[in-house]
Amino acid sequence: MSTTEPGHVLDNPALASLTGPHAHFAERRGRVLRYPVDVSPWLALPDEPDADDWADLAALAGPGAEVPLPGFRGELPAGWELTLQIEGVQFVDDGLAAAPEPEAVRLGPADVPEILDLIARTQPGPFEARTIELGTYLGIRRDGALIALAGERLHPPGWTEISAVCTDPAFRGEGLATRLILAVAHGIRERGETPFLHTSAGNTNAIRLYESLGFRLRRRTAFLAARVPERLGEGRESVPVA
Numbered sequence: 009m010s011t012t013e014p015g016h017v018l019d020n021p022a023l024a025s026l027t028g029p030h031a032h033f034a035e036r037r038g039r040v041l042r043y044p045v046d047v048s049p050w051l052a053l054p055d056e057p058d059a060d061d062w063a064d065l066a067a068l069a070g071p072g073a074e075v076p077l078p079g080f081r082g083e084l085p086a087g088w089e090l091t092l093q094i095e096g097v098q099f100v101d102d103g104l105a106a107a108p109e110p111e112a113v114r115l116g117p118a119d120v121p122e123i124l125d126l127i128a129r130t131q132p133g134p135f136e137a138r139t140i141e142l143g144t145y146l147g148i149r150r151d152g153a154l155i156a157l158a159g160e161r162l163h164p165p166g167w168t169e170i171s172a173v174c175t176d177p178a179f180r181g182e183g184l185a186t187r188l189i190l191a192v193a194h195g196i197r198e199r200g201e202t203p204f205l206h207t208s209a210g211n212t213n214a215i216r217l218y219e220s221l222g223f224r225l226r227r228r229t230a231f232l233a234a235r236v237p238e239r240l241g242e243g244r245e246s247v248p249v250a
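One gets my numbering by counting positions in the sequence shown from 1 and adding 8 to each.
Mixed in with the good hints there might be a few duds.
[As the list claims (entries may be wrong)] Label pairs and their calculated CB-CB ranges:
1. Glu-35 x Pro-165: 36 to 46 Å
2. Arg-150 x Gly-15: 23 to 33 Å
3. Ser-208 x Arg-129: 30 to 40 Å
4. Gly-166 x Glu-111: 41 to 51 Å
5. Pro-165 x Ala-209: 20 to 30 Å
6. Gly-200 x Leu-124: 25 to 35 Å
7. Val-113 x Pro-165: 24 to 34 Å
8. Gly-38 x Phe-179: 21 to 31 Å
In short, the hints are calculated from the structure, not lab data. Each residue gets a CB set at the ideal place from its N, CA and C atoms; glycine is no exception.
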C-alpha cells in the first residue's frame, strides 16, 4: 500500500477499523475481515497478503463475487479479474475551522430511504441499508425534504473518516456540503479524534474544496475491485496491479 508513513493506521484504515472501534461489525475468516454487506462493502486484507489470505477472502466473499481492495498494490492471484482501478487520494485535518451547523439534523434508521434516494441521485459512493450504524450522519432539510448529507464511515483508532458528502443538484452552490463537513468534523474533534477523508485523484473540485477548508494531502492510494474466481485455482498467471 502506498504511504509516506510506514505502519500508520491510515495506511490500511479498514483493517484498523475492523480490529479497533468497529470490531463489533467484523466478519472474519483467518486474517481477512469485512463489514456485513448491508453495512459497507469495505473489507480488509493484511498489509502483505499471502496465498492463505486470498483463499480466505475468496471463501468469505464467494465464487464470482466482486470485492473492493482499497489501497492494494501488488499482484492479484491467478484467476482473479481486476474490475475497477481508480487513483485516489487521502486527506487529513490540518487546521479545519470545524463548527456545529444549526440547520443540521442527526439522521437515523428512519431516514435511510431518503438517504438512499439522495445517494442514488448524487453518487458520492456506496451507502447500504445499515451504513447509518457506522457513526454520526447529519443532514439538512428544506420543506421537509433531505437535500444534503455527510457522515462518518471508517473509524481507525484516533481517526474518523468523513464520507457520503452530497447535495441535491437543485441546492448546489449554497455551501451546504462545506457546512456539513465542518459540522461532522466538529463532532469528531469533540471526541478527541482527527477527521480524514478520501476522494478520487481526478475529482479536482472536491480536492480544491478540501484544501480550502484545511485538509492536507497525506497520501495517494487507489480504489480497486476484483472478481473472485468462479473456481479457486483457475487461471495460470498473476495479475499485476500498478
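To see whether the hints hold, each was checked on the structure:
| no. | hint | verdict |
| --- | --- | --- |
| 1 | Glu-35 x Pro-165: 36 to 46 Å | violated, 20 Å |
| 2 | Arg-150 x Gly-15: 23 to 33 Å | violated, 45 Å |
| 3 | Ser-208 x Arg-129: 30 to 40 Å | violated, 19 Å |
| 4 | Gly-166 x Glu-111: 41 to 51 Å | violated, 29 Å |
| 5 | Pro-165 x Ala-209: 20 to 30 Å | holds, 27 Å |
| 6 | Gly-200 x Leu-124: 25 to 35 Å | holds, 32 Å |
| 7 | Val-113 x Pro-165: 24 to 34 Å | holds, 29 Å |
| 8 | Gly-38 x Phe-179: 21 to 31 Å | violated, 46 Å |
When each numbered hint is compared with the structure, violations occur for hints 1, 2, 3, 4, 8.
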